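Line by line, the protein sequences give chains F and U. Residues -17 to 185 in this note's numbering are what the first sequence spells out, letter by letter. Residues 526 to 791 in this note's numbering are what the second sequence spells out, letter by letter.
By construction, these hints were calculated from the structure, which means they are not laboratory data. Just to be clear, a hint being listed does not mean it is correct.
[Unchecked claim] Chain U side only, calculated, beta carbon under 10 Å to chain F, not exhaustive:
1) Arg530
2) Arg593
3) Ala595
4) Leu598
5) Gly639
6) Glu640
7) Gly646
8) Ala729
9) Gln731
[Said to hold, decoys possible] As a list, the in silico BS3-like pairs of lysine-lysine whose alpha-carbon atoms are at most 25 Å apart:
10) Lys544(U) <-> Lys683(U)
11) Lys683(U) <-> Lys180(F)
12) Lys(-10)(F) <-> Lys683(U)
13) Lys100(F) <-> Lys86(F)
14) Lys544(U) <-> Lys592(U)
15) Lys(-1)(F) <-> Lys100(F)
16) Lys592(U) <-> Lys(-1)(F)
17) Lys754(U) <-> Lys100(F)
18) Lys180(F) <-> Lys(-1)(F)
Every value quoted in this text rests on a predicted model; they were computed, and no experiment measured them. Beta carbons: idealized from backbone N, C-alpha and C, even for Gly.
Chain by chain, the residues run as shown.
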Amino acid sequence: MIAVIDYKAGNLTSVVKALRFLGADDIVVTQSHTDVLRADKIVLPGVGHFRATQSLYDLGLTDAMREAVAGGTPFLGICVGLQWLYEGSTESPETPGLGCFDGKCERFPVTYEDNELKSPHVGWNSIEDIRADSRLLAGIEHGSFVYYTHSWRAPLSADTAATTMYGGAFTAAVERGNVMGVQFHPEKSAETGLQVLKNFLAL
Amino acid sequence: MLTKRIIACLDVRGGRVVKGVQFVDIVDAGDPAELAHRHARGGADEIVLLDITATHEGRGTLLETVKRTAEGLFVPFTVGGGIRSVEDARAVFEAGADKVSINSSAIARPELIGEIGESFGAQAVIVAIDARRPEARRAKDSGDPVGEAEVFVSGGRKPTGLRVLDWAVEAEARGAGEILLTSMDRDGVRGGFDCELTRRVSEAVQIPVIASGGAGSAAHFAEVFLVGKADAALAASIFHFGVTDSWALKAEVAAAGVPVRLGSRK
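If we strip away everything but chain F, and leave its shape as in the complex, we get:
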């Protein structure tokens, strides 16, 4: 069973449809920690404000996800779901993240190399520096295009599985063992995005 976490942060329809399209028929859209603990895989989508992740704590889901992840359950965070895996975000400093990865998410700079940088970062951008050992990005070519829409981004670290350039490089995908995240929207990234989801389903 795949638990897609619903914490009222945007619309889950597209993510669920993409997973179903790829043959995942046992999907539970849930706010229940017991579902999280018995899930074979966990997907944490999320768009909008980092503050929304506060309800993961309020619903008692944080501890459940921490336990599931420690037990080896494959976990995929998407967009804000990736950002939540870090220590936090300057978007909502009072809301802690899971702290699975070091560092905080920060807003895109206003300028980059003396040019104005528009924010949010919206549209198709390419993923680069794909880590050869990434299971999530297996079979994806360097320079493949994926769809983004966000204003905050995760820092680079040893766990970064791929980068994208916008106002400098940021973490497009992160992966350590069974814990994974993508800043882009795989459910809206045509064949490349479907390949990412397919890789996750195959874990």
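On the provided structure of chain F, position chain U as indicated by the hints.
Below, chain U alone, put in the same frame as chain F:
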């Protein structure tokens, strides 16, 4: 590198794709779901479906069309027309849209922009602006005809007295995720986008600006990206009737020096 987006627009009436010229002269161009999928395969970066009649009785038909169109469509999908409340927006999202486009209803009640954003995220709210420059005689007396371009509503039938630039800035402040700027002067005539107006709006806001109205060739797209500073450009008629597909179009736009998502036909 972030690429410029080329968006295929489907104007839908009564469940069929239609195409108008300067907001009138409607012709039938086919089934929305079929065309949306053809465009996505053909390299369109996004699909926009606008219900141009948006009557109350037609809502059921629209939601059914949205549902059918969203099935198996894995590029961003925007729906507009007749969305007057958060509940209207919710129904469209649940049918499979990723973003909604609001126009007249945002002018009537600007709080709607923030209300939809609060529930679905700012990225899901596109404020569509139908713009018309002042008439020739007034434009002659004006020092700034582009700055005086006015917002029209109700399918372009009603002037609002609002300046396009002012409204774009307000829409951003109220939480719009993107601006869809349609030049009514250029709409459907395939003579090129209104690059001056697009550039002014793009420079006035931080959020992405989608240029619309006037696409007739690859050169027009290149121009609106390079001169008009658009982040995305939308067209309908250029894609219908088998004129071209987006991969072919984008190869030409790329040759003009614009970064675009290139790919192969599948």
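Tested hints:
Evaluation of the Arg530(U) hint against chain F yields a held restraint, the C-beta minimum of about 5 Å falling below 10 Å. For Arg593(U), the interface hint is violated, since its Cβ never comes within 10 Å of a Cβ in chain F; the closest pair sits about 13 Å apart. Satisfaction of the interface hint for Ala595(U) is found here, the shortest Cβ-Cβ separation to chain F being roughly 7 Å, below the 10 Å cut-off. For Leu598(U), the interface hint holds, the least distance from its beta-carbon to any beta-carbon of chain F being 9 Å, beneath 10 Å.
Look at Gly639(U): its Cβ only gets to about 12 Å from chain F, farther than 10 Å, so that hint breaks. The beta carbon of Glu640(U) comes no nearer than 13 Å to any beta carbon in chain F, farther than 10 Å, and the hint placing it at the interface is violated. For Gly646(U), the interface hint holds, since its Cβ comes within 10 Å of a Cβ in chain F; the closest pair sits about 3 Å apart. At its closest, the beta carbon of Ala729(U) sits 12 Å from a beta carbon of chain F; the interface hint therefore is violated under the 10 Å criterion.
The closest approach between the C-beta of Gln731(U) and any C-beta of chain F is roughly 6 Å, which is under the 10 Å cut-off, so the hint is satisfied. For the suggested pair Lys544(U) and Lys683(U), the alpha carbons sit about 20 Å apart, so the restraint of at most 25 Å is met. Restraint check for Lys683(U) and Lys180(F): the C-alpha separation of about 49 Å exceeds 25 Å, so the hint is violated. With a C-alpha separation of about 37 Å, the suggested pairing of Lys(-10)(F) with Lys683(U) is violated against the 25 Å cut-off.
Taken as a hint, the Lys100(F) and Lys86(F) pair is honoured in the structure, with Cα atoms around 21 Å apart against an allowance of 25 Å. Under the criterion of a C-alpha separation no larger than 25 Å, the hint pairing Lys544(U) with Lys592(U) is consistent with the structure, at around 21 Å. Using a Cα cut-off of 25 Å, the hinted pair Lys(-1)(F) and Lys100(F) is violated, with the two alpha carbons roughly 31 Å apart. Taken as a hint, the Lys592(U) and Lys(-1)(F) pair is honoured in the structure, with Cα atoms around 11 Å apart against an allowance of 25 Å.
This hinted pair checks out: Lys754(U) and Lys100(F) have alpha carbons roughly 12 Å apart, not beyond 25 Å. For the hint pairing Lys180(F) with Lys(-1)(F), the CA-to-CA distance comes to about 13 Å; that is within 25 Å, so the pair holds.
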